[in-house]
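There are 2 protein chains.
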Amino acid sequence: MTRKVYLAGPEVFLPNAREILDRKAALAREAGLLPLSPGDLEIPHTNSKRERAAAINAVDEKMMIQADAIIANLTPFRGIAADTGTAFELGFMCASGKPVFAYTNVARDHSGRVSDLYGGAVAYDAEGRLRDPDGIAVEDFGLADNLMLHAGIERRGGVLIIGDAARDALYTDLAAFKTCLAVAVEKLR
Amino acid sequence: MTRKVYLAGPEVFLPNAREILDRKAALAREAGLLPLSPGDLEIPHTNSKRERAAAINAVDEKMMIQADAIIANLTPFRGIAADTGTAFELGFMCASGKPVFAYTNVARDHSGRVSDLYGGAVAYDAEGRLRDPDGIAVEDFGLADNLMLHAGIERRGGVLIIGDAARDALYTDLAAFKTCLAVAVEKLR
Chain A
1 MTRKVYLAGP
11 EVFLPNAREI
21 LDRKAALARE
31 AGLLPLSPGD
41 LEIPHTNSKR
51 ERAAAINAVD
61 EKMMIQADAI
71 IANLTPFRGI
81 AADTGTAFEL
91 GFMCASGKPV
101 FAYTNVARDH
111 SGRVSDLYGG
121 AVAYDAEGRL
131 RDPDGIAVED
141 FGLADNLMLH
151 AGIERRGGVL
161 IIGDAARDAL
171 YTDLAAFKTC
181 LAVAVEKLR
Chain B
1 MTRKVYLAGP
11 EVFLPNAREI
21 LDRKAALARE
31 AGLLPLSPGD
41 LEIPHTNSKR
51 ERAAAINAVD
61 EKMMIQADAI
71 IANLTPFRGI
81 AADTGTAFEL
91 GFMCASGKPV
101 FAYTNVARDH
111 SGRVSDLYGG
121 AVAYDAEGRL
131 RDPDGIAVED
141 FGLADNLMLH
151 AGIERRGGVL
161 IIGDAARDAL
171 YTDLAAFKTC
181 LAVAVEKLR
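For the protein sequence lines, the chains are A and B, in the order given. With our numbering, the residue at position 176 of the first sequence is 176, and numbering never jumps. With our numbering, the residue at position 97 of the second sequence is 97, and numbering never jumps.
Hints were generated in silico from the structure; no laboratory data involved. Among the hints, erroneous ones may be present.
Same chains, same names: a pair is fine if it fits in one copy or spans any two.
[To be verified] Cross-link-like lysine to aspartate or glutamate pairs, in silico, EDC-like; alpha carbons within 20 angstroms at most:
{"no.": "1", "residue 1": "K178", "residue 2": "E127"}
{"no.": "2", "residue 1": "K4", "residue 2": "D22"}
{"no.": "3", "residue 1": "K62", "residue 2": "E154"}
{"no.": "4", "residue 1": "K49", "residue 2": "D125"}
{"no.": "5", "residue 1": "K49", "residue 2": "D140"}
Working from the sequences, and respecting the hints, build out all of it.
Here it is, written out as structure tokens:
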């Protein structure tokens, strides 16, 4: 039976969201999977913004419940970390006991990105813990994002593919997605 | 039986993490709940950073599995959005079918914070969709964070309490947490 994979990521927000979601879906189909893409673009009319948000949440959760696995795009979004909606969805699928896969189009790891955010002003304290200028600890496990995401994926046998896209193609470069897709197909076999 | 509540949030990174976690735990106990706090500060020795990350992830997931509910601190962390680890944990608990509660110490909503990030340079397109200067859509549902988090909480009967802490007490002001705790106690009764 064809396995269903939920394609999580911030692509729904792109100016060309439909195009990118369709390209990812087509690649998933070519790989032999049935893609389920977040429903943000196909929600029926609602009477209020709040109802619309609830309707999108309901559609996306339903898709995740139907899906056999997730491929999450954890490329940093409007800051140094993954889109929080995608992080939520990754946690949702982990709790559901389903295979989880992810990728990012930014090679620099979490601690490197936090360092950049503060112009390099992060330093190790006496106990060997990396801290930002406010003394707030910086995870320096060499992971792509907060450990709950990256370690959560790896600890249950998934993978997080580290890509390195051009600055102007952060959300449209699909090289890391393709690699992740190939691994997912192999593991879901 | 005393209900167990997982206290998710970026407090584990604070210089005074232990103190704040203990204060939150004490308040939860006073309210009649059994608090479970993320295990970042109490992980046994591991041979590598990667193993340590996996160990923390394992401890935190185990606590969530033991917990009856979650109270998630969604105060923006190092940027305009919630800590991604906390977002992951909120999704994890939603998928587990457990009651979810949250709060934020920042009153300005998601679209307002995105607008601030771009110096106000967000605007509605011809279809009425709010977009940032790169044309990337901005959720403007009046929610505190990505809709998966806020609508995901409300759609299953939880609440997200909106606080308004002083700039220098964003992670230490517990007023919104206390309000959230009171609602949780009532709903978990």
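Status of the hints after comparison with the structure:
| no. | hint | verdict |
| --- | --- | --- |
| 1 | K178 / E127 | neither (41 angstroms within a copy, 32 angstroms between copies) |
| 2 | K4 / D22 | within (15 angstroms within a copy, 43 angstroms between copies) |
| 3 | K62 / E154 | between (25 angstroms within a copy, 16 angstroms between copies) |
| 4 | K49 / D125 | between (46 angstroms within a copy, 16 angstroms between copies) |
| 5 | K49 / D140 | between (39 angstroms within a copy, 8 angstroms between copies) |
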